[in-house]
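Colleague: Sequence:
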Amino acid sequence: MNLKVSHKGQVSEAVNQFVPELVKDQVASRLFAKDHTLWGKDAEAESSIRLGWVDAAQNSLSLIPELKLLSADLRARGLTRIVLCGMGGSSLAPEVITKTAGVDLVVLDSTDPTQIQDALAGDLKKTVVVVSSKSGSTVETDSQKRSFEAAFEAAGIAMTERIFIVTDPNSPMHVQAMKDGYRVFLADPMVGGRYSALTAFGVVPTALAGVDVDALLKSAIAVSKFLSEDLETNPGLILGAAIARTSSVKTYKDKLGFVPDGTAISGFGDWVEQLIAESTGKIGRGVLPIVLEPDSHEVTAKTDDTLLIGLSDDASKSRFDLAVSGELGELLLLWEVATVVASRLLGVNPFDQPDVESAKIAARAVLDSPAESFDFPVSDAGVEIVSFGYELSSNKLAACLTELIDFAETDSYFSIHCYLNRERFGSASKLRELIAKRSNRPTTFGWGPRFLHSTGQYHKGGPKQGVFIQIVSGDGEDQEIPGRDFGYRKLIDSQASGDARVLATGGSKVLVLRLLDAESGIDALIDSLK
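Mapping the sequence shown onto this note's numbering, position 396 (from 1) lands on 396, and the numbers just tick up by one.
Where hints are given, some of them may not hold.
Taking lysine-lysine pairs in the DSS-like style, the calculated list, with each CA pair at most 27 Å apart, reads [said to hold, decoys possible]:
id: 1; residue 1: K34; residue 2: K317
id: 2; residue 1: K179; residue 2: K8
id: 3; residue 1: K317; residue 2: K24
id: 4; residue 1: K8; residue 2: K225
id: 5; residue 1: K396; residue 2: K218
id: 6; residue 1: K317; residue 2: K99
id: 7; residue 1: K8; residue 2: K34
id: 8; residue 1: K302; residue 2: K464
id: 9; residue 1: K360; residue 2: K509
id: 10; residue 1: K490; residue 2: K360
id: 11; residue 1: K302; residue 2: K530
id: 12; residue 1: K396; residue 2: K530
id: 13; residue 1: K430; residue 2: K396
id: 14; residue 1: K464; residue 2: K509
id: 15; residue 1: K530; residue 2: K509
id: 16; residue 1: K360; residue 2: K437
id: 17; residue 1: K437; residue 2: K530
id: 18; residue 1: K41; residue 2: K464
id: 19; residue 1: K68; residue 2: K179
id: 20; residue 1: K302; residue 2: K490
id: 21; residue 1: K302; residue 2: K68
id: 22; residue 1: K317; residue 2: K4
id: 23; residue 1: K126; residue 2: K179
id: 24; residue 1: K99; residue 2: K68
id: 25; residue 1: K4; residue 2: K41
id: 26; residue 1: K125; residue 2: K302
id: 27; residue 1: K99; residue 2: K125
id: 28; residue 1: K41; residue 2: K24
id: 29; residue 1: K4; residue 2: K430
id: 30; residue 1: K509; residue 2: K490
id: 31; residue 1: K396; residue 2: K360
id: 32; residue 1: K430; residue 2: K530
id: 33; residue 1: K126; residue 2: K68
id: 34; residue 1: K250; residue 2: K509
Distance windows between CB atoms, simulated [said to hold, decoys possible]:
id: 35; residue 1: A264; residue 2: P377; range: 29 to 39 Å
id: 36; residue 1: A45; residue 2: L186; range: 15 to 25 Å
id: 37; residue 1: K218; residue 2: D73; range: 16 to 26 Å
id: 38; residue 1: F374; residue 2: S429; range: 37 to 47 Å
id: 39; residue 1: S520; residue 2: A45; range: 48 to 58 Å
id: 40; residue 1: D475; residue 2: P172; range: 32 to 42 Å
None of these hints come from the bench; they were simulated from the model. Cβ atoms here follow ideal geometry from the backbone N, Cα and C, with glycine treated the same way.
Hey, can you work out the whole structure from these sequences and the hints?
Modeller: Structure representation (structure tokens):
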């Protein structure tokens, strides 16, 4: 076992105070015995059907022989391009697994028309598509599936030989897939999306892409016994106590910055961001995860309410007060355990997401009624501007950004939501560092609409500290959705509009920036923030 959690300073104070209590309450052994009473009476109904993840790695081993045969068959036929259509937990875990293994996987977790076009423009003769959804009702995944079905049909390719389904037993997607003749891989219905990394949702697409998932699963299985023990050395208990109960001057540190510190694991912060935000961010409580770089402003100019955690190759040698190292399989299970332990200490149900649906309802309202869309009263430097939750006092882009930044309070965080093609316009992520420096506040960055299935829950259900910047495209490009009376442009615009309205209704301030040309618009934003 290579798993390590190191701690010192204020973190050790939290660990020393709260881990003995967790051991006394037998939290670890009860968790692995699937005791659904660990999070209080109100959480019992949901948690009773959401604990399958604790032994998911063991159960997923049965998939390996079938996946090895299928993978070999696909490669023998020259089918080497694997596309994953999925949102939230269905895409984030496979992305970190394949990135770390150095294996190619096209992850399509967007409704941006140009990103859909780019995915469809790949060599269909070599393409296999994995469609992952617990229910199949997720609008993004359903739309992507429709698009690939139409593309295969137009190319004269039998879609049932190229599209594979991962879903829950007896879900609408399962029922329809069986009728349509698709090959289906069934996941454990007792596992929620963000805890599904070691289930079929994580294993199927990564195995078909060429990852040795057998080794991944076995590393998680090997650490399970250690994580289930009621001992003060249990890393799951230590990490859970650290992230939920490390003190600051006024209260607990409620923002958690993930900093690469020598780890060979690629993109881990994006996966754990979703896990923590969606599990803890509710009823006005939670821990805000922030994906950082070693030279990020939050690292060099520490704020009192932010706990930095080093993602290391050897936690015992890390410079950070809290550090974690281990093999990927070990870390996936560790963080799932630590998150539910932290949720117990915070007094929240880690398995529900009560505020995610609000943005979906608002998006549907915009789709159904053009009157729900909004105008942009200000335009400057190729950027159209509108605000929610406050009135703009300037018609200049730089001044509008400064005005929003000035709303920051001592416990605020900024969150940038970018509804653009992340493959083409990755430079937009530079805005995160610029906002952090200007505001001296922790700042997150998320690609829309995928963040709606992860940190979106925290934005609406967590502490009311967020100040939001939303970036959308005004280039007018579109792509039809087969069988729908709306296209991808209207869909993604409605998702952005709906979320902005819900955030403002909850009392948050939102600045929406529509870029008439994405590349020059991003440059204008960067120049305005320097």
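Colleague: Among all the numbered hints in the text so far, which are the ones the structure does not match?
Modeller: 1, 2, 3, 5, 7, 16, 20, 21, 25, 26, 29, 31, 35, 38
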